[in-house]
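Peer 1: So the chains spell out like this:
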Amino acid sequence: MSDIKITIDGKECTAKSGQTIVEAAKANGIYIPVLCHFDGLKPAGTCRICTVKVGGRFMAGCTTPVAEGMRIDNMTPEIEDMRKQIIEMLFVEGNHMCPVCEKSGNCELQALAYRYKMMVPRFPFLWPKREVVANTPKLYLDKNRCVQCLRCVREIITTDGKNVFAVKERGGKTTINMDEKLAAGLSDDMAMRAMDICPVGCIIRKEVGYKVPIGQRKFDSKPIGSEIEGR
Amino acid sequence: MSKPVVATTSLAGCFGCHMSLLDIDDRILQLIDLVEFHKSPVDDIKTFSKMCDIGIIEGGCCNSENVHVLQDFRKNCKILISLGECAIMGGLPAMRNGIPVKECLEEGYLDGPTVDENKKGARIIPNDEELPMILDKVYPCHEIVKVDYYIPGCPPRADLIWEALVALVTGNELKIPYEVLKFD
Ligand code: SF4
Ligand code: SF4
Ligand code: SF4
Ligand code: FES
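Residue numbers (my numbering), protein chains in the order written: chain A, 1 to 231; chain B, 232 to 415.
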């Protein structure tokens, strides 16, 4: 892989060809927020929180590869406000009751809302009707909190290659379905992996809730992204 | 200059946000120096007799009375603040928003596990005209009246409430440390 030169918000950076904009930024200590993306998974590009501007055009930083001489805008007020709007939309499109959510404090959507200082969503709440599926022994699925990032679909696959989670419908009606039989057969580790890969509190491992006390959870004292910016 | 006048109320809330307001410890003495409390459960003044500078609302609107009180606050306060998740987005009471009101009332008064088994025939859904009407769903305050500021949390951290009030009263910019802005 050869080195190529790019700039991010005017800062000169060195990247490797084949890297995505998000990966290259990270390697240079610059945080571009992601939600559907997860290191090691094939990018799905569903959430657009990683939107950057290249040559005056908006692009998803997690799916776009870097190219020599690219000039990338990342933290401009315009882009930052678009990202904040996406976060706010996700809050009104689902039913997010953080005070009773087991993922609270470890949730990436909530952490993004903290980072972007969301005091209230600017959009009206939609109160959609969503299902809770709890009839498997290790996991329950609270679709009120799903952000359709498809991480679970991409990651949680049984040893014989079957998908435990799958997408149903498209567009505004998209929901995630869990194959109850396959979910029941998951190892403890894999069940925990399913909860951890879900950025929000949609997939919850039963019987281990509220293990980490308030104050010590992942995003209680450090903003999401600070682990990259601090390097 | 006379002290800014503050009014507070709890609508569809649990009083936890008011508790958090009192949780500012000895700064409560400074607060009393800084502002004058008017209509509020804190001093039990029940009606507005003058225009207030700041109205603090805990809880969203789940019934007709909540709506009237909130409108009264909007009329009598120059600045309105939604304090806590319930005021900002309905909070825990809004968990009923996906369930028809009829089903909620039946569960609460006729079929729920806490209903007295022995009084089967006598169970009724209260419907006295003195009682406020339950709304179709729980509404965040800003979907009923204009709200000027929001202080998130369940309850909001005492430090955040304190900093926000001081910033508002002194006209200084509010700096929010990362640790105090939380939704739980
Ligand atoms: S999934 Fe995240 S944002 Fe949604 S209720 Fe849970 S903690 Fe809050
Ligand atoms: S269940 Fe979780 S991981 Fe799966 S799509 Fe929904 S939010 Fe993403
Ligand atoms: S936000 Fe939390 S503490 Fe405040 S009234 Fe609602 S439930 Fe109670
Ligand atoms: S992180 Fe790039 S589209 Fe979701």
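Note that these hints are calculated values from the structure, not bench results. Just so we're clear, the structure is a prediction, and the values are computed from it rather than from any experiment. By construction, the Cβ of each residue, glycine as well, lies at the ideal position given by its N, Cα and C atoms. Mixed in with the good hints, there may be bad ones.
[As the list claims (entries may be wrong)] Distance condition first, Cα-Cα at most 27 Å in a straight line; then the derived DSSO-like pairs of lysine-lysine:
hint, chain 1, residue 1, chain 2, residue 2
1, A, K84, A, K206
2, A, K117, B, K234
3, B, K333, A, K117
4, A, K117, A, K5
5, A, K143, B, K277
6, A, K218, B, K377
7, A, K218, A, K26
8, B, K368, A, K143
9, B, K234, A, K84
10, A, K129, B, K333
11, A, K222, B, K406
12, A, K84, B, K377
13, A, K129, B, K368
14, B, K368, A, K173
15, A, K162, A, K117
16, B, K368, B, K234
17, A, K42, A, K53
18, A, K117, A, K26
19, A, K53, A, K26
20, A, K117, B, K406
[To be verified] These stretches of chain B come out as covered by chain A in the derived footprint (C-beta under 8 Å, 3 or more residues):
hint, stretch
21, 251–259
22, 267–277
23, 380–387
24, 400–411
[Stated by the list, open to error] Ranges between beta-carbon positions, derived for each pair:
hint, chain 1, residue 1, chain 2, residue 2, range
25, B, G339, A, Y210, 39 to 45 Å
26, A, R170, B, A398, 33 to 39 Å
27, B, I276, A, N28, 39 to 45 Å
28, B, V332, A, K16, 35 to 41 Å
Peer 1: Indicate, hint by hint, whether the structure satisfies it.
Peer 2: Hint-by-hint comparison with the structure:
Simply put, K84 of chain A and K206 of chain A have alpha-carbon atoms about 32 Å apart, too far for the 27 Å limit, and the pair is violated. Distance hint between K117 of chain A and K234 of chain B is unfulfilled; the C-alpha atoms sit about 30 Å from each other, more than 27 Å. Straight-line distance between C-alpha atoms of K333 of chain B and K117 of chain A comes to about 38 Å, which puts the hinted pair past the 27 Å bound. This hinted pair does not check out: K117 of chain A and K5 of chain A have alpha carbons roughly 33 Å apart, beyond 27 Å.
For the proposed pair K143 of chain A and K277 of chain B, the alpha carbon gap of about 43 Å is over 27 Å, so the pair is violated. With a CA separation close to 35 Å, the supplied pair K218 of chain A and K377 of chain B exceeds the 27 Å bound. Using a Cα cut-off of 27 Å, the hinted pair K218 of chain A and K26 of chain A holds, with the two alpha carbons roughly 19 Å apart. Using a Cα cut-off of 27 Å, the hinted pair K368 of chain B and K143 of chain A holds, with the two alpha carbons roughly 20 Å apart.
Note on K234 of chain B and K84 of chain A: the hinted pairing is violated, with a Cα-Cα distance of about 37 Å set against a maximum of 27 Å. With a C-alpha separation of about 17 Å, the suggested pair K129 of chain A and K333 of chain B falls inside the 27 Å cut-off, and the hint holds. Restraint check for K222 of chain A and K406 of chain B: satisfied, since their Cα atoms lie roughly 16 Å apart, inside the 27 Å limit. As the CA atoms of K84 of chain A and K377 of chain B are separated by approximately 22 Å, the hinted pair is consistent with the 27 Å bound.
The straight-line distance between the Cα atoms of K129 of chain A and K368 of chain B is roughly 13 Å, inside the 27 Å bound, and the hint therefore holds. Between K368 of chain B and K173 of chain A the alpha-carbon distance is near 22 Å, which keeps this suggested pair within the 27 Å criterion. Our distance criterion of 27 Å between C-alpha atoms is broken by K162 of chain A and K117 of chain A, whose separation comes to about 40 Å. Straight-line distance between C-alpha atoms of K368 of chain B and K234 of chain B comes to about 38 Å, which puts the hinted pair past the 27 Å bound.
Of the pairs offered as hints, the one joining K42 of chain A and K53 of chain A holds, with about 22 Å between alpha carbons and a cut-off of 27 Å not exceeded. Only pairs whose Cα atoms come within 27 Å are accepted, and K117 of chain A paired with K26 of chain A is accepted, the gap being roughly 22 Å. Restraint check for K53 of chain A and K26 of chain A: the C-alpha separation of about 17 Å stays at or below 27 Å, so the hint holds. Between K117 of chain A and K406 of chain B, the direct Cα distance comes to roughly 11 Å. Compliance with the 27 Å bound is thereby established for this hinted pair.
For the stretch 251–259 of chain B, the assignment as covered by chain A is violated, since 0 residues bring a beta-carbon within under 8 Å of that chain's beta-carbons and 3 are needed. Evaluation of the coverage hint for the stretch 267–277 of chain B: breached, as 0 residues show C-beta separations to chain A shorter than 8 Å, against a requirement of three. Here's how the stretch 380–387 of chain B fares: 5 of its residues keep a CB closer than 8 Å to some CB of chain A, so the rule of at least three is met and the hint holds. Restraint check on the stretch 400–411 of chain B versus chain A: 3 residues with Cβ-Cβ distances below 8 Å, three needed, restraint holds.
The given range of 39 to 45 Å is broken by G339 of chain B and Y210 of chain A, whose C-beta atoms sit roughly 27 Å from each other. Checked against the hint of 33 to 39 Å, the pair R170 of chain A and A398 of chain B fails, with Cβ atoms roughly 46 Å apart. A hinted range of 39 to 45 Å for the beta carbons of I276 of chain B and N28 of chain A is inconsistent with their spacing of about 59 Å. Checking the proposed 35 to 41 Å range against V332 of chain B and K16 of chain A shows it is violated: the Cβ atoms sit about 59 Å from each other.
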